[in-house]
Amino acid sequence: MEDNMARNKYPERTVVLILDAAERLFWEKGYEATSVQDIINETKLSKGAIYHHFASKEDIFVQICERISRKNERLFKAVRDNKSLNGHEKLREIFRIAVLAGGQERMLGMMPYLVDSPRFLVMLIRDIYDDIVPCYIKPILEQGIADGSIRTEHPAQLAEALMMLCNIWMHPAFQPAAPEAVRARCRLYNEMTGAFGLHLLDDDLIEAFVHYSKCLQKEKTEGQK
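Per the numbering used here, the very first residue in the sequence shown carries number 3; after that it's consecutive.
Hints are not guaranteed to be accurate.
Label pairs and their computed distance ranges (CB to CB) [to be verified]: (1) Gly50 to Asn192: 47 to 57 Å; (2) Tyr12 to His201: 26 to 36 Å; (3) Asn84 to Met166: 33 to 43 Å; (4) Lys73 to Glu193: 26 to 36 Å; (5) Lys46 to Ala148: 51 to 61 Å; (6) Met166 to Lys79: 15 to 25 Å; (7) Asn192 to Gln39: 39 to 49 Å; (8) Met125 to Arg153: 24 to 34 Å.
Result set (SDA-like, lysine to any residue): computed pairs, CA atoms no more than 20 Å apart in a straight line [to be verified]: (9) Lys140 to Thr154; (10) Lys73 to Ser151; (11) Lys31 to Cys217; (12) Lys31 to Asp118; (13) Lys216 to Ala179; (14) Lys216 to Glu30; (15) Lys46 to Val18; (16) Lys140 to Arg98; (17) Lys85 to Gly150; (18) Lys140 to Tyr191; (19) Lys59 to Asp40; (20) Lys216 to Asp204; (21) Lys79 to Glu91; (22) Lys49 to Val18; (23) Lys140 to Ala175; (24) Lys79 to Ala175; (25) Lys73 to Asp83; (26) Lys140 to Asn74; (27) Lys31 to Val64; (28) Lys31 to Leu19; (29) Lys79 to Glu30; (30) Lys216 to Arg185; (31) Lys85 to Ser151; (32) Lys59 to Glu34; (33) Lys46 to Glu30; (34) Lys59 to Gln39; (35) Lys216 to Ala175; (36) Lys46 to Asp22; (37) Lys79 to Arg128; (38) Lys59 to Val18; (39) Lys59 to Ser48; (40) Lys73 to Arg98.
None of these hints come from the bench; they were simulated from the model.
Even for Gly, the Cβ is constructed at its ideal location relative to N, Cα and C.
The whole structure should be built from the sequences, with the hints applied where relevant.
And the structure:
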């Protein structure tokens, strides 16, 4: 009876319950090591209640990614609309949120699966082109051009390049590398973007990328035992 009430009378609560439990399990155990039965045990719901809201474990995972993305976008919007910052300062703050957000740590437990998921990769790329670039990065670059803090004649294309390089080329999940190689990528990114008057990665952000790389390498090593 309780299970039916949870499923039918309070669907939003049930979805949140499932996502919270799954996110915690993916973080603690890793995506591959977590089964639907683990989620059932954690939520104390029936298998029918889980599948009433989600078609598969991958569907749960995608919804978690989208939830983290929505949270970050609320922060991005606040930065974009902050009238006390110039364009360059806003872009630097966007990068700090993206790299240091708590969601990044949680995503590490799912990363080994993420990079092998065509559905996730398409979702990531479409999110960059359809949402992040036109709604946040391009308007901030245009403000930076107007206030003199950013130099470019191609804000849309620069926005795309900044995001694709940061989210795919620089991210250690897509091309694992030793700490010095990760630092070298970050420093080269700063050199390349410096031509546009930008300095986006401070030392603590670079070390965050290194930390993510070490965590992923540790997960990979433990998974091979």
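Tested hints:
Distance hint check for Gly50 and Asn192: the Cβ-Cβ separation is about 52 Å, which falls inside the suggested range of 47 to 57 Å. Between Tyr12 and His201 the C-beta distance comes to about 48 Å, which lies outside the given range of 26 to 36 Å. Between Asn84 and Met166 the Cβ separation comes to about 25 Å, which falls outside the hinted range of 33 to 43 Å. For Lys73 and Glu193, the hinted distance range of 26 to 36 Å is satisfied, since their beta carbons lie about 31 Å from each other.
The hinted window of 51 to 61 Å between Lys46 and Ala148 holds, with their beta carbons roughly 55 Å apart. A C-beta distance of roughly 21 Å is found between Met166 and Lys79, which places it inside the suggested range of 15 to 25 Å. Against the hinted window of 39 to 49 Å, the Cβ-Cβ separation of Asn192 and Gln39 comes to about 46 Å, which satisfies the hint. Evaluation of the 24 to 34 Å hint for Met125 and Arg153 yields a pass: the beta carbon distance comes to about 32 Å.
For the given pair, Lys140 sits about 11 Å from Thr154 by alpha-carbon distance, which is consistent with the 20 Å threshold. Between Lys73 and Ser151 the CA atoms are separated by roughly 28 Å; this puts the pair beyond 20 Å, and the hint is violated. With a C-alpha separation of about 13 Å, the suggested pair Lys31 and Cys217 falls inside the 20 Å cut-off, and the hint holds. Distance check on the hinted pair: Lys31 and Asp118 sit about 18 Å apart at the alpha-carbon level, within 20 Å; holds.
A C-alpha spacing of about 9 Å is found between Lys216 and Ala179, which places the hinted pair at or below 20 Å, so the restraint holds. Distance hint between Lys216 and Glu30 is fulfilled; the C-alpha atoms sit about 16 Å from each other, no more than 20 Å. Restraint check for Lys46 and Val18: the C-alpha separation of about 14 Å stays at or below 20 Å, so the hint holds. As the CA atoms of Lys140 and Arg98 are separated by approximately 17 Å, the hinted pair is consistent with the 20 Å bound.
With a C-alpha separation of about 15 Å, the suggested pair Lys85 and Gly150 falls inside the 20 Å cut-off, and the hint holds. With a CA separation close to 18 Å, the supplied pair Lys140 and Tyr191 stays within the 20 Å bound. Restraint check: the Cα-Cα separation between Lys59 and Asp40 comes to about 11 Å, which is no more than 20 Å; the hinted pair holds. For a cut-off of 20 Å, the pair hint linking Lys216 to Asp204 stands: about 19 Å separates their Cα positions.
At roughly 14 Å between alpha-carbon atoms, Lys79 and Glu91 fall within 20 Å of each other, so this suggested pair holds. Distance restraint check for Lys49 and Val18: the Cα-Cα separation of roughly 16 Å lies within the 20 Å cut-off, and the hinted pair is therefore satisfied. Between Lys140 and Ala175 the CA atoms are separated by roughly 26 Å; this puts the pair beyond 20 Å, and the hint is violated. As the CA atoms of Lys79 and Ala175 are separated by approximately 27 Å, the hinted pair breaks the 20 Å bound.
Simply put, Lys73 and Asp83 have alpha-carbon atoms about 16 Å apart, close enough for the 20 Å limit, and the pair holds. Proximity of Lys140 to Asn74 is assessed by CA-CA distance (about 17 Å); at most 20 Å being required, the pair is judged to hold. Only pairs whose Cα atoms come within 20 Å are accepted, and Lys31 paired with Val64 is accepted, the gap being roughly 17 Å. Restraint check for Lys31 and Leu19: the C-alpha separation of about 18 Å stays at or below 20 Å, so the hint holds.
Pair hint Lys79 plus Glu30 does not hold up; C-alpha atoms about 30 Å apart against a cutoff of 20 Å. Proposed proximity of Lys216 and Arg185 is supported: the alpha carbons are some 12 Å apart, at most 20 Å. Restraint check for Lys85 and Ser151: the C-alpha separation of about 14 Å stays at or below 20 Å, so the hint holds. Distance check on the hinted pair: Lys59 and Glu34 sit about 10 Å apart at the alpha-carbon level, within 20 Å; holds.
The straight-line distance between the Cα atoms of Lys46 and Glu30 is roughly 18 Å, inside the 20 Å bound, and the hint therefore holds. Distance restraint check for Lys59 and Gln39: the Cα-Cα separation of roughly 10 Å lies within the 20 Å cut-off, and the hinted pair is therefore satisfied. Only pairs whose Cα atoms come within 20 Å are accepted, and Lys216 paired with Ala175 is accepted, the gap being roughly 10 Å. The straight-line distance between the Cα atoms of Lys46 and Asp22 is roughly 13 Å, inside the 20 Å bound, and the hint therefore holds.
A threshold of 20 Å between alpha carbons decides the hint, and for Lys79 with Arg128 the separation of about 19 Å falls inside it, so the pair holds. Taken as a hint, the Lys59 and Val18 pair is honoured in the structure, with Cα atoms around 15 Å apart against an allowance of 20 Å. Restraint check for Lys59 and Ser48: satisfied, since their Cα atoms lie roughly 14 Å apart, inside the 20 Å limit. Among the hinted pairs, Lys73 with Arg98 is consistent with the structure: their alpha-carbon atoms are about 14 Å apart, no more than 20 Å.
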